[in-house]
Amino acid sequence: MTLQVGIVGGGQLARMMIAPAVELGIDVRVLAEQPGMSAGLAATAVGDYRDLETVLAFARDVDVITFDHEHVPQDVLQGLVAAGVAVHPGPEALFFAQDKLRMRARLDELGMPQPAWAAVSDAAGLDAFLEAHGGRAVVKTPRGGYDGKGVRVVSAAADAADWLGALAEDGELLVEELVDFTRELAQQVARRPSGDSVIYPVVETVQRDGVCAEAIAPAPHAAGRLADIAADIGEAIAVGLGVTGMLAVELFETTDGRLLVNELAMRPHNSGHWTQDGSITSQFEQHLRAVLDLPLGDTALRAPWSVMVNILGGPATDALADRLPAALDAHPAAKVHTYGKDPRPGRKVGHVNVAGADLDEVCYEARAAAAFFAD
Numbered sequence: 006m007t008l009q010v011g012i013v014g015g016g017q018l019a020r021m022m023i024a025p026a027v028e029l030g031i032d033v034r035v036l037a038e039q040p041g042m043s044a045g046l047a048a049t050a051v052g053d054y055r056d057l058e059t060v061l062a063f064a065r066d067v068d069v070i071t072f073d074h075e076h077v078p079q080d081v082l083q084g085l086v087a088a089g090v091a092v093h094p095g096p097e098a099l100f101f102a103q104d105k106l107r108m109r110a111r112l113d114e115l116g117m118p119q120p121a122w123a124a125v126s127d128a129a130g131l132d133a134f135l136e137a138h139g140g141r142a143v144v145k146t147p148r149g150g151y152d153g154k155g156v157r158v159v160s161a162a163a164d165a166a167d168w169l170g171a172l173a174e175d176g177e178l179l180v181e182e183l184v185d186f187t188r189e190l191a192q193q194v195a196r197r198p199s200g201d202s203v204i205y206p207v208v209e210t211v212q213r214d215g216v217c218a219e220a221i222a223p224a225p226h227a228a229g230r231l232a233d234i235a236a237d238i239g240e241a242i243a244v245g246l247g248v249t250g251m252l253a254v255e256l257f258e259t260t261d262g263r264l265l266v267n268e269l270a271m272r273p274h275n276s277g278h279w280t281q282d283g284s285i286t287s288q289f290e291q292h293l294r295a296v297l298d299l300p301l302g303d304t305a306l307r308a309p310w311s312v313m314v315n316i317l318g319g320p321a322t323d324a325l326a327d328r329l330p331a332a333l334d335a336h337p338a339a340k341v342h343t344y345g346k347d348p349r350p351g352r353k354v355g356h357v358n359v360a361g362a363d364l365d366e367v368c369y370e371a372r373a374a375a376a377f378f379a380d
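Here my numbering is used: position 169 in the sequence shown is 174, and no number is missing along the way.
Honestly, the hints are just simulated from the structure, not real lab data. Note that the coordinates shown come from a computational prediction; the quantities given were computed from them, not determined experimentally. One thing to keep in mind: the hints can contain errors.
Stated by the list, open to error - Computed Cβ-Cβ distance ranges for the label pairs, DEER-style:
no., residue 1, residue 2, range
1, D66, Q39, 37 to 47 Å
2, G229, G170, 45 to 55 Å
3, D167, L329, 35 to 45 Å
4, A379, H226, 46 to 56 Å
5, G170, L46, 41 to 51 Å
Even for Gly, the Cβ is constructed at its ideal location relative to N, Cα and C.
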């Protein structure tokens with residue numbers, strides 16, 4: 006009997022699960038938010054993921070429901086579980102990916118290393134935190150932010166006056182210390198419902214304007230103790246939060262050599278796109294294996310180094326195809342992945358992966374190939 010996976014959300018992450026699903030003989034179905042989305046190849050339904058009846062109808066004939074994003078409301082998630090639908094990751098785990106304040110509190114309970122943080126509901130509370138933490142801090146909206154949205158560096162409560170003024174009664178913002186870090190890292194873990202898990206090599210990520218621009222695997226100068234700590238953090242969070250499927254833990258490496266947890270994603274993640282061409286098992290295949298409780302795949306590198314460079318903005322969608330022959334001719338080692346999305350400034354419309362033995366050469370090839378698609 007063919008296994009069937011339903012993916013809620015029609016973005017590029019769902020799109021990139023289609024190929025490994027076909028290879029494994031898995032029937033993958035997608036509930037897209039609207040027609041013409043990235044994962045339209047497998048879109049069997051179009052509808053509102055916030056409506057329980059719509060999602061229940063989509064889930065009726067699949068073995069498991071999983072997600073392209075973390076925005077499905079808790080009442081819908083709980084309604085699926087109550088109806089006997091297998092949901093991975095489950096509502097209890099996704100709760101912590103959906104609310105950064107609850108995430109911070111739970112990670113404290115688990116003893117995870119984090120920036121200093123607080124919940125604030127007014128200017129006085131924010132000013133008090135600023136005074137206690139060097140006069141600058143990061144303010145985040147607890148829900149809904151991604152790719153730099155809902156994040157603001159402030160030096161006075163007035164810098165977040167609009168957010169504070171828009172808070173509903175009993176509403177709060179998350180404020181965190183402004184971490185003095187040398188670089189950002191990401192640790193990925195895959196975990197099955199039965200409890201088995203595998204770890205990917207920790208990677209270095211480069212952010213531009215709050216959006217991931219590059220990922221280098223493995224992170225340079227991260228062998229031994231640092232890699233072990235990152236792996237231990239990822240494993241502890243996956244188990245402590247009950248995550249099933251892929252988990253990405255974004256980390257700060259501080260100037261004094263510590264690792265601090267920045268953000269979490271409970272799905273395939275931009276920091277793991279390199280795995281498509283640089284790992285024995287891609288994060289997209291691994292996520293499908295994990296949510297179906299199948300044996301997990303080998304996470305070993307195919308080459309000493311792999312680099313992913315995002316294509317951000319870029320030309321019109323049809324122009325991407327026009328430029329593809331020249332990019333592939335100039336850089337035959339590059340693997341180009343496009344998302345079928347209309348471009349706009351800063352939007353991820355594709356990425357390039359290159360793997361090889363020499364890091365400098367791999368970085369050059371990936372960046373140069375991606376540059377063919379820039380405006």
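Structure-based check of each hint:
The beta-carbon spacing between D66 and Q39, approximately 22 Å, falls outside the hinted interval of 37 to 47 Å. Taking the beta carbon of each, G229 and G170 are about 49 Å apart, inside 45 to 55 Å as hinted. In this structure the supplied range 35 to 45 Å holds for D167 paired with L329, their Cβ-Cβ distance being about 43 Å. Separated by about 29 Å at the C-beta atoms, A379 and H226 break the suggested range of 46 to 56 Å.
Hint check: G170 to L46, Cβ distance near 44 Å, so the stated range 41 to 51 Å holds.
Of the numbered hints given earlier, the model fails hints 1, 4; all others are met.
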